[in-house]
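**Q** Protein chains in written order, with our numbering: chain A, 34 to 146; chain B, 218 to 323.
Each hint should be verified, as a subset may be incorrect.
[What the hints assert, rightly or not] Far from chain B, some chain A residues (derived; all Cβ distances over 10 Å):
1) T47
2) Q51
3) S66
4) Q70
5) F83
6) S84
7) E85
8) K90
9) G95
10) G129
11) V145
[To be verified] Short, incomplete list of chain B residues facing chain A, as computed with Cβ under 7 Å:
12) Q253
13) P256
14) G258
15) I260
16) S262
17) M265
18) K310
19) F311
20) F313
21) S315
[What the hints assert, rightly or not] Straight line, CA to CA, 27 Å or less: simulated DSSO-like cross-link-like pairs of lysine-lysine:
22) B:K310 <-> B:K272
23) B:K310 <-> A:K90
24) A:K46 <-> A:K90
25) B:K285 <-> B:K322
26) B:K272 <-> B:K318
27) A:K90 <-> B:K285
If you are wondering where the hints come from, they were derived from the structure by calculation, not from laboratory data.
Even for Gly, the Cβ is constructed at its ideal location relative to N, Cα and C.
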Amino acid sequence: KAGVTQTPRYLIKTRGQQVTLSCSPISGHRSVSWYQQTPGQGLQFLFEYFSETQRNKGNFPGRFSGRQFSNSRSEMNVSTLELGDSALYLCASNRGESTGELFFGEGSRLTVL
Amino acid sequence: KNEVEQSPQNLTAQEGEFITINCSYSVGISALHWLQQHPGGGIVSLFMLSSGKKKHGRLIATINIQEKHSSLHITASHPRDSAVYICADNFNKFYFGSGTKLNVKP
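Only chain A is shown next, with the shape it has when bound in the complex:
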């Protein structure tokens, strides 16, 4: 069965713009979580969605937001981009248990100029 799909894989934006990233989970998975990875900060948890509701949230500013649709696909949005938002953004899905095994996508690499 298909894995977790993230689009786009690469994108370049300029400061002040906004970006939307998409994540399609494994079929049957109802939880999607998002992470930011940078060389300086490593992996950091952004938020998790389950059944279209945000279940948990990390310590990121309000410029970072997300949502989940009824088919479990999820999007995250970053508004007013800053240079420091350049990162690999990863999403992961699982069946829905709060402590379930995670299945990661390949990530979306965002460069902010």
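Since chain A is already given, all that's left is putting chain B on it; use the hints.
**A** Just chain B, lined up with the frame of chain A:
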């Protein structure tokens, strides 16, 4: 202080050596995850455990809840094991270690 501390940060081993990576966490725990990341970014979940010990092939993960400590062991290491290994504490949200970069030389 980071909620999750991992050691060592870098590790070089000869093929066939036994390897141990350590992870200590300070918040509570629902589950402890061990992840593997190869160059290029893809992350694979190796283990998820909340007690005891799990084994998969040459990999073994253990956790001591009282001591808030987990270890990942690789027996008979191989160059294909070269990757970054990351532990993550899942307690409502995720807290990640900084990763251990492992290089196994043939």
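**Q** The structure should be examined with respect to each hint, and the outcome stated for every one.
**A** Quick rundown of the hints versus the structure:
Residue-level check passed: A:T47 sits 23 Å from the nearest beta carbon of chain B, beyond 10 Å. The Cβ of A:Q51 sits about 23 Å from the closest Cβ of chain B, beyond the 10 Å cut-off, so the non-interface label holds. With a least beta-carbon separation of about 7 Å from chain B, A:S66 fails to lie farther than 10 Å from that chain, contradicting its non-interface assignment. With a least CB separation of 8 Å from chain B, A:Q70 falls inside the 10 Å interface cut-off, contrary to its annotation.
Remark: the non-interface label on A:F83 is consistent with the geometry, its nearest Cβ contact in chain B lying 13 Å away (cut-off 10 Å). Under the 10 Å C-beta cut-off, the non-interface status given to A:S84 relative to chain B holds; the minimum distance is some 17 Å. Chain B leaves A:E85 outside its interface by the beta-carbon criterion, the shortest separation being 19 Å against a cut-off of 10 Å. Separation of A:K90 from chain B is inadequate, the least Cβ-Cβ distance of about 7 Å not exceeding the 10 Å criterion.
Annotated as non-interface, A:G95 keeps its C-beta farther than 10 Å from every C-beta of chain B; the closest such distance is 17 Å. For A:G129, the condition that its CB be more than 10 Å from all CB atoms of chain B holds, with the nearest at approximately 14 Å. No beta-carbon of chain B is positioned within 10 Å of the beta-carbon of A:V145; the least distance is around 18 Å. The interface hint given for B:Q253 is violated, since its Cβ lies 10 Å from the closest Cβ of chain A, which is over the 7 Å cut-off.
The interface hint given for B:P256 is violated, since its Cβ lies 12 Å from the closest Cβ of chain A, which is over the 7 Å cut-off. Interface hint at B:G258: satisfied, since its Cβ lies 5 Å from the closest Cβ of chain A, which is below the 7 Å cut-off. Restraint check, B:I260 versus chain A: the minimum CB separation of about 4 Å is within 7 Å; hint holds. Evaluation of the B:S262 hint against chain A yields a held restraint, the C-beta minimum of about 5 Å falling below 7 Å.
Checking B:M265 against chain A: minimum C-beta separation of about 5 Å stays under 7 Å; hint holds. The restraint placing B:K310 at the interface with chain A holds, with a minimum CB-CB distance near 5 Å, inside the 7 Å limit. Hint on B:F311 holds. Least Cβ distance to chain A is approximately 4 Å, under the 7 Å limit. The interface hint given for B:F313 is met, as the beta carbon of that residue sits about 4 Å from the closest beta carbon of chain A, less than 7 Å.
Interface hint status for B:S315: upheld, as the beta-carbon distance to the closest one in chain A is roughly 5 Å, under 7 Å. Only pairs whose Cα atoms come within 27 Å are accepted, and B:K310 paired with B:K272 is accepted, the gap being roughly 25 Å. The suggested pairing of B:K310 with A:K90 holds, with an alpha-carbon distance near 7 Å, which does not exceed 27 Å. A distance of roughly 25 Å separates the Cα atoms of A:K46 and A:K90; the hinted pair therefore holds under the 27 Å criterion.
About 32 Å separates the Cα atoms of B:K285 and B:K322, which puts this hinted pair outside 27 Å; it is violated. Under the criterion of a C-alpha separation no larger than 27 Å, the hint pairing B:K272 with B:K318 is consistent with the structure, at around 21 Å. A threshold of 27 Å between alpha carbons decides the hint, and for A:K90 with B:K285 the separation of about 23 Å falls inside it, so the pair holds.
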